[in-house]
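Just so you know, the sequences run in chain order A and B. Quick note on numbering: the first sequence equals residues 1 to 189 in this note's numbering. Quick note on numbering: the second sequence equals residues 1 to 189 in this note's numbering.
Among the clues, some could well be false.
Claimed, not checked - Quick list of in silico lysine to any residue cross-link-like pairs, SDA-like style, CA-CA up to 20 angstroms:
#1 A:K27 with B:P90
#2 A:K27 with B:I93
#3 B:K27 with A:R91
#4 B:K27 with B:A128
If you are wondering where the hints come from, they were derived from the structure by calculation, not from laboratory data.
Protein chains: 2
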Amino acid sequence: MTTLGYAILGLLSREDLSGYDLTQRMKGPVGYFWSARHSQIYPELARLEDGGYVTHRVIEQKERPDKKVYGITDEGLEALESWVTQPPMPRPIRDELTLKTYSVWLADPEEATRLFREEELRHEEQLAHYGEIRAWMEREWREDLTRTDSPEFASYATLMRGISYEREYAEWCRWMADSIEGGKSLETN
Amino acid sequence: MTTLGYAILGLLSREDLSGYDLTQRMKGPVGYFWSARHSQIYPELARLEDGGYVTHRVIEQKERPDKKVYGITDEGLEALESWVTQPPMPRPIRDELTLKTYSVWLADPEEATRLFREEELRHEEQLAHYGEIRAWMEREWREDLTRTDSPEFASYATLMRGISYEREYAEWCRWMADSIEGGKSLETN
DNA sequence: GAAGGATATGTCAATAGTGACATAAGAAAA
DNA sequence: TTTTCTTATGTCACTATTGACATATCCTTC
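Based on the provided sequences and hints, a complete structural model is requested.
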């Protein structure tokens, strides 16, 4: 089983979905830390069905193309449950901006400052967006969020990782821009 | 040009290195946010040489296999310089632990708590390791760190990203473990 | 004397992931 | 009326990355 397979099972454990729906859901909370295009999702669904983790039924629609709606099987749910608490495979982090930082000493300071200010803004915007979603969740899901065995709590916890990730990134970008602009690094930290 | 190509140029802009040396360097500051195995580095060096970004000379060694030491060309340095301040390609983040979190509602709370405590420890350890390197850098490179056009500052800045990344990750893991252990999420945050 | 580790450079098959191509039909906007 | 968007499912070629295989020598440890 691939990690993408578990991402799909994670979505199907909450509700039955078509390949198209799954592609859309990849833009929500799951997609913040794992995403895929439809060209990867359709073949993966076929593999999951082959392995007995999901099944599908065809929904005929008038005035729209037919749908294949997928549902998780008992075997699929079991596989997902045992995967969840297994320590994650250590994967190397790949972050192009931080790699660029390693060569920032070669850059024009003004251009470098602009780069980090721009990236700071990008992460601040993402943070603001997540903040709105958080406020919505805390308003709509107040009860559910007190139970850690609710899917709502799981979505909220994933979002919280997004929030702290973006905040950390934005702060570091600001520190970088300030350091280069000020010409000194140890001064501001 | 690939991102790995620029990672290699970034190392070669500081000193001439062999493929083997580059592989070793990938475990240091550059490797914190971009890494590769030797099986990827050797072909990439060939491509870089093909493109005129690097050149090599063979160093014959007694009692050891011969070396190919690579050096960056003027074209290579130019390419690297213009890449550094270019906005990075947006890449999807892939983090298996945060993906698991999306399905944590299915898990046994005790096993989930153990998972997040373990991961918290891993990140705390990495943080402690980075902290030692930071202390060493601040001691040894005091002067250099005041100039943002020094390679030492660039290494330090990369390390600082590592430090804030690990701190953020460890804190979130602690919040997760505490939330699941306490059975409540909104209480501790 | 044997085994394992470090130095040193490569190839190759398999997997993961992206972007483009392909098709089809209704709805909405220009 | 034509174009564009949304729904809907798929394939295919290419790139990036990993892990295993391959070879050779010296040095250190058992």
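Indices of hints not satisfied (ascending): Violated hints: none; all satisfied.
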